[in-house]
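Trainee: Chain by chain, the residues run as shown.
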Amino acid sequence: MSCSLTLTRRLALAAGVSIAFAGTAARAAAGQKKLVVIIARGGMDGLSVAPPVGDPAYARLRGPIAISAGEALKLDGTFSLHPKLTAIHALAQRGQARIAPAVAIPDNVRSHFEAQDVLESGGSEVYGTSSGWLNRTLTALSASRVEGLSIGAQAPLILRGPVQAGSWSPGRTSRGERLPMILADLYRNDPLLSRALASGLDTEAMAQSAGAGQMMAGRSPQQGPGAVAQAKELGATVARFMTQSGGPQVVAVSIDGWDTHANQGGADGQLANRLAYLDGAVDGLATGLGAEWKDTVVLVVTEFGRTARVNGTRGTDHGTASTALVLGGALKTGGIIGDWPTLAPNRLFESRDLASTLDIRALFKGVLADHMGVERRVLDTAVFPDSGSVAPKMGIA
Amino acid sequence: MALPDKDAQAAIAVTRFGLGARPGELEKAKADPRGWLKEQITASGAEQPNPPLPGSAERISAYREYQQDRRAQQQMRAEMESQSQDPQAVQLARLVQAGGLQEELVGKARIAANTQAPFRERWALFFANHFTVSATKGQVVPAVGPFEREAIRPHVFGKFGTMLAASSSHPGMLIYLDQVQSVGPGSLAAQRRRRDAGLNENLAREILELHTVGVGGGYSQADVTEFARAMTGFSVGGPQDGPAQAGKFVFRRQAHEPGPRTIMGKRYADEGSGTVLAILNDLTAHPATAKHLARKIACHFVADNPPPALVAKLESAFTGSGGQLDAVARTLIDADEAWEAAPAKFKTPYELVISGHRALGVAPMRPQQIAQPLNTLGQPAFRAPSPKGWPEEAAAWAAPDAIVKRLAWSEDFAAQVSNGPRPPLQVAKDALGSRLRPETASAIIGAESRTEALTILFMSPEFQRR
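Those protein sequences? They're chains A and B, same order as listed. Under my numbering, the letters of the first sequence match residues 41 to 437, in that order. Under my numbering, the letters of the second sequence match residues 5 to 470, in that order.
Keep in mind the hints are simulated off the structure, nothing from the lab. A few of these clues could be false.
Anything over 10 angstroms on all C-beta distances counts as not near chain A; from chain B, calculated [unchecked claim]: (1) K42; (2) A76; (3) A250; (4) E275; (5) V421.
Derived DMTMM-like pairs: lysine to aspartate or glutamate, alpha-carbon spacing no greater than 25 angstroms straight-line [claimed, not checked]: (6) K42/B with D286/B; (7) K433/B with D225/A; (8) K141/B with D245/B; (9) K163/B with E51/B; (10) K270/B with E390/A; (11) K141/B with D308/A; (12) K295/B with E165/A; (13) K433/B with E452/B; (14) K10/B with E452/B; (15) K10/B with E31/B; (16) K334/A with E415/A; (17) K433/B with D36/B; (18) K252/B with D36/B; (19) K42/B with E452/B; (20) K252/B with D274/B; (21) K433/B with D230/A; (22) K295/B with D147/A; (23) K252/B with E452/B.
For every residue, glycine included, the Cβ atom is placed at its ideal position computed from N, Cα and C.
Given these sequences and hints, build the entire structure.
Mentor: Spelled out as C-alpha cells, the structure:
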C-alpha cells in the first residue's frame, strides 16, 4: 500500500506538463509502432471536447457554457469538436482522429486521486495494483533491455513498475564525468539511486543529441499564442525523442488544469485555453513525427468526465464518463468508438452524469492488441489483471 | 525492539525528525535525543517569519487595489520587463510580487534554515501540506503565505479541530477551493439574481477526502452535496463589505442554503455558520480521521510504508486526546518504531535544499536563491499541483531526471558555499554524525576540490535520505 493511499497525482512541471517515456530495444513484437498516451489530469469535460450539439438535451443542460453548432467543428450529425481543436479536427477530416464519447474507468469513484489511480494502474478498482499498465505493456512487449526517461520531476504511475522508465525535463545538467562515476560507486548498494542516476544520464545524452534542449525551461503560460507555441514545442520535443535511433516507442504525457469547477467558459475561456494547449501539443507531435506518424496512435484520456449539467458557478463538478480522443496515422477509419448513451434525463447516471458505455480498458486493450501486437491472454492477465471479461475494442488501428 | 545507540539516535533526531543538522546541533541533541525533540513542542505553535509580514486581509486588499490600478501595473511591468523578455513570465512575476509571495518564501525558508527547533518546523510543514492552499490560481496568490501563518502555524500543537476550523474558514482556502462562489440554490441570493447561482462542492469534498476522514472514510456523494449546502455563505469580504470586513472571512446569510442537513447519517439543524462548526467537530472526532492522520504522519516521518504498530499508537494518541496534536507529537517521539536505524524517507526538494543550507550554517537572503532550485527540482514554492499537496513517496521524487537535476543543483550550491571555514569532511560529520558512511567519507577525502567534496556529500545516499 502506498503512503498517501493513492499513488497518483496531478503532475507538477511548471504549468503542469510532464512526460515520461520508455522505449524497448527489441521491437520484434511491435515493429516500429508508436503509442503516446496523453493523460488530461483533473477531470477533462468530454462534453466540451466533443460537444454533442446534435443531442436534443445538450444545450439545455449546459446553458451558459454550451457550445453552439455554429461555433463547433462538425464531426457528424451528433458530434462536433470544440472550436479550439482545429489541428485535431483537420486530422479527423483525414481519418486520423476519432472519438470515444462515453468511456469511463471501471470503478465509479469521483476523487481525482483514486480515479487517476485506476486509470493508470489498469486495475478494476482502487488500489487494485501498484504498478502502471503501460509499464506492464513494456514488459509484455520485450524481454530485453528497456530504456526510460521522464520530463518533469515526478514519475507518473502509468509508467511506474518493474521496468525502469526514464524521465527528462528541460534545464541544465551536470557537466563533468568524474562525479557520475564517483556517485555510481557510492550508489552500488542502492538500487533506487543507482538505477535512476544511470537512466537519467543516458536520457540526458539522448536529449542532447535530439536537440531537446531547445524546449523552453520554466513555467508555461496558461493561455494565448505563447501557450500554444509552447505546447507545439512540447509535442515537437516528444517527437524528437521518439524519432531518435533507440528512442522510446511508448510515451506518456500529462497535461493538467482540467478541474473546471467554476467559470469553465464555452468557445472561449478557461477550458478553451487548455484545449488550445492540448491541440497545440498534438499538432507539434504529429508534425514532428513526420513519416513516422503513420505508425503512431495517440490516446487522450482523463480520469473522469464532469457533470452533465452546468453548476451554479458556471462550471461543472466531478462526473463519470468522458470523451477519449483516439488519434494517429495508424488509425482505421470509422465513426465513434462505443455507443452514445444520449443525454436524455432517464439515461443520465445517477441523474447527473453522462453514463459510461465503454470500459476504458477495452479501448486500451484494443489499441494494444491491434496496434502493438500484444496477445489477448497477456492483456487479460498481466497488463490489465483479471480483465478477461472486458473484450478489447478491436478495429481501431 | 532495541534502540540504536545515543550517537545514532542523535543523528536520527536531527535528520529524520528535524531538517538536517546545523553545525553544533548534533552535540545539543546527543545527551537526550528524545528530550531535545520534546522541548520543541510549544503550545504557542510554530515560529513566525521575522520581520513579521502583513496579514491576509491586508494582502488581499492590496492585491485587489493593484489589479485595479493601471498605473501601478504599468510601473511594475516596466520594472519587470527590464529583467525579462517573456511577456508571460513578466505577467506572472508581477502577480507574485503584488501578492507578496517572494517575501513569504524568504521568511519561511529562513525559519527552516535557521531554526533551533527543526522538529517543530517539520511538524508545521507537514500540516501546511496537509491543508494545501496553492498559488496555482491567480486570486489565491496574496492569501497563500498568510494562510500558513494564520491558519496553520499557531495551531500545530493545539487541537486538530481548531486548525481544521481555522483552515476551513480562512480566505486562502475559501478562494482556493471555490467556496466563495458557492451559493445555496434556495437562498435569498439565488432568488434575487437573474443568472443561475448555485452550489460548488469543491471545498466540502476536499475537507472530507483530504483533510479529515479521507477516501474510504464512509461518506457518499450525497454527503458531499449536503456538506456543500451547509457551507454556503462561507465567503471572503470584498471592498463593498467595508474596510472592517474586506479580505476577511464573512458569513453571507443571504447566500446560505436554508434548512437542516444530514451528513454521514447525522442530522444538523440550520444554525448558519454554527452548523459547519458542528460538522467539523464531528469530523474531527470520527475514527476515520484519526486513522487518516495517523497514517499520514507516520508516512511523513518514518517510511512510505510505515510500521502498523506505529500507526496504531498515533491513532490512539489522537483519539485518546481528542485530537490534541502535542500529544500525538510526543507519541511519535516515544515510539521505538520511529527510530529504525535505516533511513527510509527520501527527501523532497525543499527538504534537500533546506538541509543543504543547514549543513553549511547559511540561510537564503533573496527569493531567487530558494525559488530557482525549487522550480528546477520540481517543487515550485507555494505551488503544489493539487489540493492533495506534495507527494510523500520516494517513487514520486526519485525519477531519473530528478536525480540528474539534484546533481546539477548540488554542484551549483557546493560551488557557492565551498569557501566556508570548515573542511568538507567536517561539514559532513557535523551534518550526518554517525549516519555518515565510511565510503562516503573516503570519497569526500578523495575529492579533487572542495566543491566536488561538498557535491559528493549532498548527493550521498545518506544525505538524500532521512
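Trainee: The structure should be examined with respect to each hint, and the outcome stated for every one.
Mentor: Status of the hints after comparison with the structure:
1. K42: Holds: least Cβ distance 25 angstroms, greater than 10 angstroms.
2. A76: 22 angstroms, holds
3. A250: 21 angstroms, holds
4. E275: The claim stands: E275/B keeps its Cβ more than 10 angstroms from every Cβ of chain A (closest is about 23 angstroms).
5. V421: 17 angstroms, holds
6. K42/B with D286/B: Distance of about 29 angstroms is beyond 25 angstroms: violated.
7. K433/B with D225/A: Satisfied, since the Cα-Cα distance of roughly 20 angstroms is no more than 25 angstroms.
8. K141/B with D245/B: 23 angstroms, holds
9. K163/B with E51/B: Roughly 17 angstroms between the alpha carbons, so the hint for K163/B and E51/B holds.
10. K270/B with E390/A: Holds. K270/B to E390/A sits at ~23 angstroms (cutoff 25 angstroms).
11. K141/B with D308/A: 18 angstroms, holds
12. K295/B with E165/A: Judged against 25 angstroms, a Cα distance of about 22 angstroms means the pair holds.
13. K433/B with E452/B: Within the cut-off at roughly 19 angstroms; holds.
14. K10/B with E452/B: 34 angstroms, violated
15. K10/B with E31/B: Holds. K10/B to E31/B sits at ~11 angstroms (cutoff 25 angstroms).
16. K334/A with E415/A: Holds, at roughly 22 angstroms.
17. K433/B with D36/B: Cα-Cα ~19 angstroms, so holds.
18. K252/B with D36/B: This hinted pair is violated, its Cα atoms lying about 44 angstroms apart.
19. K42/B with E452/B: Not satisfied, since the Cα-Cα distance of roughly 42 angstroms exceeds 25 angstroms.
20. K252/B with D274/B: Holds. K252/B to D274/B sits at ~23 angstroms (cutoff 25 angstroms).
21. K433/B with D230/A: 21 angstroms, holds
22. K295/B with D147/A: 24 angstroms, holds
23. K252/B with E452/B: 57 angstroms, violated
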